[in-house]
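**Student:** Chain by chain, the residues run as shown.
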Amino acid sequence: MALLEVKNLSIGYHSQKGYLHAVEDVSFSLKAGKSLGFVGESGCGKTTLCMALMRLLPPNGVIREGRILFEGKDLLKKSDEEMRKIRWKKIAMIFQAAMNALNPVHRIEDQIAEAILAHNPVYSKEEAMKKVEDLFMLVGIPKDRMRDYPHQYSGGMKQRAVIAMAMACRPTLMIADEPTTALDVIVQDQILKEIKGLQDRFKISIIFISHDISVVSDVCDDIGVMYAGELVEYGDRSEVFSSPAHPYTKALLSSYPTVTGEKYKLEPIPGEPPNLINQLSCCRFCDRCPSAGVLCKTESPVWLEITPTHRALCSSIR
Amino acid sequence: MEKSNKKSLNRSPLIARFREGWAIYRQNLLGKIGLTLLVIFALMAICSFIPPLIDPMYQPMTGVDPDIAKSTSPSLKHWLGTDFMGRDILSQLLAGARVAFMVGVSAAFMSIVIGTTIGMLAGYMGKFVDTLLMRLADMIMVMPTLLVVLILAALFGQLNIWTIVLIIALFRWPGVSRVIRAQTLSLKQRPFIEAAKVAGASHMRIIFRHIMPNVLPLAFLYMTFRVTSAIIIEAALAFLGFGDPSTVSWGMMLQWVWKTGHMFKAPYWLLPPGICISLITLSFYMLGRAMDEVLDPRLRKEAETG
Amino acid sequence: MELWKYIARRLIQIAIIFFVILTVLFLLFRLAPGDPVSRMVDPDMTPEDAELLISQLGLDKPIGMQYIYYLKNFFTGNFGESFHYGQPVIEIIWERLPNTILLFTTAIILSALVGVFLGKIASWRKGETTDTFLTIGALVTHTVFLPWLGLILIWIFAYKLDWFPITGMISEDVYLDPDAGILTKFLDVLHHMVLPLATLFLIHFGSYLLIMRSSMLETLKEDYILTARAKGLEEKVIRNHHAAPNAALPVVTSVGLSLAFSINGGALTETIFTWPGIGRELVMAVSQNDYPLAQTSFLLIAIVVLLSNLVVDTLYAYLDPRIRY
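Protein chains in written order, with the working numbering: chain A, 1 to 318; chain B, 1 to 306; chain C, 1 to 325.
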């Protein structure tokens with residue numbers, strides 16, 4: 001049985017201009033100990049998806065339909081109190097380091113200890129601090145920086161601290177939202193190794209979000225490509241990477257430069273993502289798609305199974 | 001032909017912006033209440049000219065009803081009663097409205113002019129001029145305006161209302177200048193300033209022609225806050241007995257109630273001036289908050305998603 | 001420690017500002033229309049005493065020398081003699097200063113604490129009746145004219161209901177009674193302090209409430225609040241432990257910025273309630289042309305404002321680790 005199974009999830013936001021379809025009919029599953037990466041440009045809905053998994057949507061966000069089955073139970077049916085217990089203990093989140101994810105007026109060690117004590121009230125303060133020490137060692141931050149405040153940390157250190165905090169309760173599932181964005185390339189590499197190392201060691205399932213497909217393909221077993229709120233391609237990492245089916249995936253891969261291999265021209269994708277307020281009855285990518293056919297503009301696309309572990313949402317693939 | 005086109009081109013964005021601002025403003029309840037109250041006060045101020053025209057007896061300062069020589073409660077003849085000398089309170093109240101607007105708007109306007117100029121200079125010139133001006137602003141901001149005017153009153157004798165206005169303006173500009181300076185600093189980086197420099201515009205020209213128009217909306221917003229503080233300071237001064245003895249302001253009226261011991265005996269005299277000062281302060285404040293929403297889009301969003 | 005360095009720096013700044021004020025005052029007093037001598041020397045003095053005083057103050061010397069004398073006198077605590085009281089100014093100031101500090105400090109601290117507390121609640125119950133009630137209450141009390149509010153309070157609570165005394169800081173009989181203990185005197189002072197404190201409190205707490213309210217609403221949108229929620233913390237903890245400390249910082253800044261305004265209010269309150277503080281002394285000294293007293297009172301108030309600013313800034317630096325480290 002999969003650790004996490006999402007079925008037909010649709011999420012939207014109420015805004016002054018109307019109802020925004022942020023995520024439409026997304027389904028995927030994640031087995032224990034495996035990792036899944038979501039790729040897509042800004043606004044494609046990947047962050048919304050993850051917020052929904054933890055039921056942390058803002059007040060104007062609404063999960064219109066679908067089911068989120070975690071360890072067999074539907075999270076959407078749980079009460080606030082039950083969700084609170086699940087958060088961090090079972091499902092934890094790694095935020096982007098550039099975000100203001102750490103409270104500026106509290107010491108780092110206190111913020112991590114807080115997470116531990118909230119879910120394990122039996123621990124004393126000293127025991128919690130000892131655990132914080134272990135976590136720091138785990139992510140490679142020197143012990144003498146424990147009592148510092150967030151603004152005293154560099155970007156890379158903050159990211160490690162955030163990772164340490166996410167590991168505080170040894171969660172079963174970790175959601176990493178753009179954890180390497182805004183970091184320089186060398187630190188990016190270190191952080192990615194860090195995350196991979198943690199996954200191997202503790203057998204944690206990871207959902208990895210990035211707009212950078214290269215990062216995702218490095219760390220994840222499966223890849224999901226999102227566009228304008230829809231999952232357009234999904235499957236095993238190597239299959240998606242070596243033989244992308246959906247035109248958008250192909251475009252993403254070809255807009256990314258490689259150091260090795262043949263030199264080819266970088267192809268940016270023309271046009272802009274569609275307005276998410278209108279519910280479209282055609283393929284959302286058709287305006288920008290180089291292989292758009294007549295069907296694409298008049299009917300919603302259907303899922304095409306390329307292999308048992310690789311599918312794409314497209315009407316123009318044969 | 002070309003000139004008129006240019007003019008209309010320049011005008012329409014301004015008018016369009018005004019219209020847009022008005023639409024947003026109208027939605028704000030507080031702003032509407034504030035504006036309504038202010039209109040009422042403005043009417044009062046205008047009406048202040050009427051009573052003396054009808055009958056010299058209603059001259060706020062000197063018009064004494066020959067039949068009355070003490071404070072009386074409201075009657076048909078004197079809608080709000082009379083003060084201890086037999087003067088009509090209502091006409092005093094109306095005259096007070098006029099004075100409040102006069103003092104408030106002039107002092108605010110002057111402090112805006114000073115503050116904006118200094119703010120632009122500090123932001124644009126930078127370095128030494130900036131530091132000097134901002135240190136000066138800091139020092140002035142620390143000073144309690146009321147008490148400074150008191151000391152000056154001690155030295156220079158009874159102060160004329162315009163002197164009071166000037167002093168208030170001289171002590172209230174620092175707040176404005178800070179904001180304008182910040183705005184100027186961010187504008188300074190913009191490409192259109194670079195373009196003007198390259199085109200050979202002198203510094204003065206850049207400041208007044210290019211920066212000022214962009215900075216003015218903010219300046220006017222802060223003017224509403226300055227008006228309230230000016231009115232309050234003048235009222236407090238008059239209340240303490242240091243106002244201009246030849247002008248009837250609401251603060252002056254309160255001083256008379258207090259000093260002549262009618263405080264407890266004449267609520268019709270005690271209440272109206274105090275209510276007026278408080279209400280006009282409130283209405284300018286509401287006006288300022290509503291304008292804040294118009295000018296700062298971020299505040300609008302709070303109303304949207306909340 | 002960083003904090004001490006910060007305080008030291010600010011003290012130097014304050015010293016400079018005060019020096020400038022001192023000098024400006026000196027110039028004003030000398031250059032204002034009228035005879036400067038009459039401002040320093042009590043008109044009721046005998047000619048011999050007047051001569052002595054003039055030479056003491058150096059009024060017969062050139063203005064440069066006068067300035068030196070002025071500074072010397074100031075720093076040796078010689079502020080001259082009050083025309084009105086006939087006592088050395090320093091004695092009068094010494095008596096009055098604690099009263100002002102008592103009233104002023106209590107009022108500011110109380111209104112800040114209550115304002116922050118209520119602002120937090122108002123933000124939490126945004127849109128509900130409690131919020132509307134608190135916001136309108138804050139708005140109305142904040143814009144009421146202070147002297148008028150004081151008079152109304154006296155009228156209702158002291159005159160009509162006779163709950164509190166109308167004037168003064170302490171009842172005469174308690175003050176003069178040799179048997180009255182410290183506690184009795186303290187309670188009596190407290191009894192007298194209620195109305196002036198209430199006046200100052202009502203005028204100030206509103207603005208702190210409104211600032212805290214909007215600050216909380218802004219803070220609750222911050223990323224670290226999302227983190228706190230994701231950590232599975234209770235809403236109460238998130239509000240009080242994570243949001244409030246950050247949201248309270250702008251309020252501290254606001255207290256500092258409005259200190260000049262608060263001192264104005266303090267002087268007005270003292271005058272209305274006949275509270276024997278420095279503010280009231282200044283007002284009376286000015287109306288009685290008691291120049292030495294007026295000048296020194298003003299200078300002392302300036303010091304109080306500057307030092308209060310320092311206290312507030314230090315408090316802010318203490319509360320916000322980004323400043324300290």
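Careful, some of the hints might be misleading.
Listed next, the in silico EDC-like pairs over lysine to aspartate or glutamate satisfying Cα-Cα at most 20 angstroms (straight line) [stated by the list, open to error]: (1) Lys236/C x Glu81/A; (2) Lys236/C x Asp110/A; (3) Lys90/A x Glu234/C.
It should be emphasised that the hints constitute simulated quantities derived from the structure, not laboratory data.
**Student:** Now tell me if each hint is right for this structure.
**Tutor:** Hint by hint, here is what the structure shows:
1. Lys236/C x Glu81/A: holds (13 angstroms)
2. Lys236/C x Asp110/A: holds (18 angstroms)
3. Lys90/A x Glu234/C: With a Cα-Cα distance of about 17 angstroms, the restraint between Lys90/A and Glu234/C holds, given a limit of 20 angstroms.
Checked against the numbered hints given earlier, this structure breaks none of them.
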